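**Student:** Chains as they are written, first to last, in this note's numbering: chain A, 1 to 130; chain B, 1001 to 1130; chain C, 2001 to 2130; chain D, 3001 to 3130; chain E, 4001 to 4130; chain F, 5001 to 5130.
If you are wondering where the hints come from, they were derived from the structure by calculation, not from laboratory data. Fair warning: this is a prediction, and the values are worked out from it, not measured in the lab. Any given hint could turn out to be false.
Said to hold, decoys possible - Here are the computed distance ranges between Cβ atoms for each label pair:
(1) C/Thr2086 to E/Glu4031: 47 to 57 Å
(2) C/Glu2127 to D/Ala3125: 52 to 62 Å
(3) D/Phe3023 to B/Asp1035: 25 to 35 Å
Unchecked claim - Listed below are the simulated EDC-like cross-link pairs for lysine to aspartate or glutamate, each with C-alpha atoms no more than 16 Å apart in a straight line:
(4) D/Lys3058 to C/Asp2057
(5) B/Lys1058 to A/Asp57
(6) F/Lys5058 to E/Glu4031
(7) B/Lys1058 to A/Glu24
(8) B/Lys1121 to F/Glu5031
(9) C/Lys2121 to E/Asp4057
(10) F/Lys5121 to D/Glu3031
(11) D/Lys3121 to B/Glu1031
(12) E/Lys4058 to F/Asp5057
(13) C/Lys2058 to D/Glu3024
(14) A/Lys121 to C/Glu2031
(15) F/Lys5058 to E/Asp4057
(16) D/Lys3058 to C/Glu2092
Stated by the list, open to error - Take a look, some chain F residues computed to stay more than 10 Å from chain D by CB distance:
(17) Glu5021
(18) Ala5109
(19) Lys5130
Just so it is clear, CB atoms sit at the ideal spot from N, CA and C, and this is done for glycine as well.
Protein chains: 6
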Amino acid sequence: MENSKRYNKGIETIKKMVSDEEFEGISYMREVSPDFWDMIISFGYGDVYGREGLSLDKREIITITSLISQGLFDQLPFHISAALKTGITQNEIKEIIMQCAAYAGFPKAVQAMTIAGEVFKNIDAKELTK
Amino acid sequence: MENSKRYNKGIETIKKMVSDEEFEGISYMREVSPDFWDMIISFGYGDVYGREGLSLDKREIITITSLISQGLFDQLPFHISAALKTGITQNEIKEIIMQCAAYAGFPKAVQAMTIAGEVFKNIDAKELTK
Amino acid sequence: MENSKRYNKGIETIKKMVSDEEFEGISYMREVSPDFWDMIISFGYGDVYGREGLSLDKREIITITSLISQGLFDQLPFHISAALKTGITQNEIKEIIMQCAAYAGFPKAVQAMTIAGEVFKNIDAKELTK
Amino acid sequence: MENSKRYNKGIETIKKMVSDEEFEGISYMREVSPDFWDMIISFGYGDVYGREGLSLDKREIITITSLISQGLFDQLPFHISAALKTGITQNEIKEIIMQCAAYAGFPKAVQAMTIAGEVFKNIDAKELTK
Amino acid sequence: MENSKRYNKGIETIKKMVSDEEFEGISYMREVSPDFWDMIISFGYGDVYGREGLSLDKREIITITSLISQGLFDQLPFHISAALKTGITQNEIKEIIMQCAAYAGFPKAVQAMTIAGEVFKNIDAKELTK
Amino acid sequence: MENSKRYNKGIETIKKMVSDEEFEGISYMREVSPDFWDMIISFGYGDVYGREGLSLDKREIITITSLISQGLFDQLPFHISAALKTGITQNEIKEIIMQCAAYAGFPKAVQAMTIAGEVFKNIDAKELTK
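My request is simple: use the sequences and hints to build the entire structure.
**Tutor:** Structural data, given as structure tokens:
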């Protein structure tokens, strides 16, 4: 597979998971470092996320668990939102976080649940104003 | 729910995931610290793993991802084996590890894949001698 | 012990460590996820913090050290404040942080000391306005 | 304070915490890197451990918690043994580990408790053969 | 070497890496804890950074990599700025971050690249207004 | 660039850093998971290590620092050996580790220095028997 195909596959995969607005939100990276942007899309979303063998919703469970387990919360709202798009429910996200409490400790889970609560509130608020 | 019920639920849950031999393997903890053993079973497997709202195979994806993402490999063979019992395939475990390469770095994924390779080899060897 | 007893014991323990105002501050979690709130109180503060065998001030040394060593700073102001309530002095908290510099690296200790400085300043300011 | 004084203070502090045999065990580092050995003794045990303001047993609680919370187990037997010398009981070490289960996750605590169990068994065996 | 010499060497080293303004920015620590401030300067910048055997720019590569790999971003702007002063280029910093993507995972690298982009933008803006 | 070119570039890069024997040592991964092996070579060594903009020896400083800072020691002997091949001296590796003591804590540095000591001893023993 040529690199342009890897990139296109990455774009195709990420578009299934985020809104146009969210995609714009992360594409500032293209200006900071075009090479890193290419790695994120071609490798991260093309070579890895775009693989067959595991459904997108299971891949989001992995991503969310990995972020929480490493104590990395900056990209958690983005991936909670993406997870909901792949069919995971708000309740299942709470279950993931509670299991992380046991496996990665309560402090990380408390931070994650607080963030999840805010993401859900924003989404519910948007629904209401539709 | 009384504590004896939490403990029994934990035992019931863990028995779905491990062989009698594997269960014996971890129950040495009962001697080191009966109180900690009770926490593992009643809280870890009773209150958390035993919850509805997420299937056992998805819970194993979370556990395996959390262990790899934290660089904790001692309990990985146990949980790879448990994951296979909940219906996850060897191929899916490889997919989990490859996604962890992107989200938690290649060194952790290389260690995990090496361990997975050994677990699979042992299982396949057992199958042959049956 | 029945679950309502575990919960009550957790509430009793946490009330020794935080002001009513601080307790209100964390109880938003009850709305985000009542089940997770129950885990925090019944398991975290009931089963673990409420155990005999280690005094509350030593338990706070563990919590503060664990947060700093994992690079988790969000709940540090809460636990520095709780530690002071259990009888640990401001000076002892600085000692904990300096030892963490050696065991977990200077960057984590610098972040912790900055936060501790702010918590102490707020407390001293409140004392003055009494 | 001159550097030779810092070094001597470090040696004095560490000698309170380890047997002559254990001291020999770690002093191989002097051959690998004399400069690093000097840092460990002068800074680690002289400037930090040797400080007033926190008792040695509380310092060992910090060290053990920090090692477990970072998932670093190689030096845990050494520090569990040192902790016992400073007056911490076997039971209190189990309490530290159980609290780490809540704050740093069960997998780290399980590894720590397994190691603690082995250290205690070795010590008890030595006691019997006296 | 006496302690005042260690401190002076630390001050000398740090002054090569930061502007007077940045030095003022970190010296609030002197008020929070004079002892910790002394450790940072005498040990961190005197004993470690001030050592011969590795050039200052290579030492900054180590510091930046260590911060990113641990997911500690608070002191990253300070050290990116210091790295540029030791002769590392903006492009080389991007290379460090891209390599960290492979070795410590994309989420940490994404956070680091975002911060680097902001630091570079601020510096370029200052250049323009000169 | 097509994927076969990425793979070939990765092979070319890694061959500069390891002996044939060491290369054989890691290529067992090809059997465990051909896809993961391809990621390691094409992405890790082709897209990342093989990039211009940073010399191979500086890239090894990054890798070694990242492994130590994350507390991942399994691949450290491999990369210390590779670092020596790119022109880094034994003394510089000790300097990297001592700086990691300050930035990631002494326990990680002690483990790394112990491993480095063993790698150096093995290499020196080989030199003698030539």
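**Student:** Within a Cα-Cα threshold of 16 Å, do B/Lys1121 and F/Glu5031 meet the stated pairing?
**Tutor:** holds, 11 Å
**Student:** Can the restraint linking F/Lys5058 and E/Asp4057 be considered satisfied, given a maximum Cα separation of 16 Å?
**Tutor:** It holds: about 10 Å lies between the C-alpha atoms, which stays within 16 Å.
**Student:** With the threshold set at 16 Å, check whether the alpha-carbon distance from D/Lys3058 to C/Asp2057 stays at or below it.
**Tutor:** Given that 16 Å is the threshold and the Cα spacing comes to 10 Å, the pair holds.
**Student:** Is the straight-line distance between the alpha-carbon of F/Lys5058 and that of E/Glu4031 16 Å or less?
**Tutor:** violated, 37 Å
**Student:** Does the structure keep D/Lys3058 and C/Glu2092 at a Cα separation of 16 Å or less?
**Tutor:** With Cα atoms ~10 Å apart, D/Lys3058 and C/Glu2092 stay inside 16 Å; holds.
**Student:** Cβ-Cβ distance between D/Phe3023 and B/Asp1035: within 25 to 35 Å?
**Tutor:** With Cβ atoms ~34 Å apart, the hint holds.
**Student:** Would you check the hint for D/Lys3121 and B/Glu1031, treating anything up to 16 Å between C-alpha atoms as holding?
**Tutor:** Answer holds: D/Lys3121 to B/Glu1031 is near 11 Å, not above 16 Å.
**Student:** Far enough from chain D: is every CB of that chain over 10 Å from the CB of F/Glu5021?
**Tutor:** At roughly 25 Å from the nearest Cβ of chain D, F/Glu5021 sits farther out than 10 Å, so the non-interface label holds.
**Student:** Quick one: are C/Glu2127 and D/Ala3125 within 52 to 62 Å, going by C-beta?
**Tutor:** holds, 54 Å
**Student:** Given the hint of 47 to 57 Å, is the C-beta distance from C/Thr2086 to E/Glu4031 inside that range or not?
**Tutor:** violated, 26 Å
**Student:** Take a quick look at F/Ala5109 and tell me if its Cβ sits farther than 10 Å from every Cβ on chain D, holds or violated.
**Tutor:** The claim is violated: F/Ala5109 sits with its nearest Cβ about 7 Å from chain D, within 10 Å.
**Student:** Holds or violated: C/Lys2058 and D/Glu3024, Cα atoms, limit 16 Å.
**Tutor:** violated, 31 Å
Against the hints set out earlier in the document, violations occur for numbers 1, 6, 7, 9, 13 and 18.
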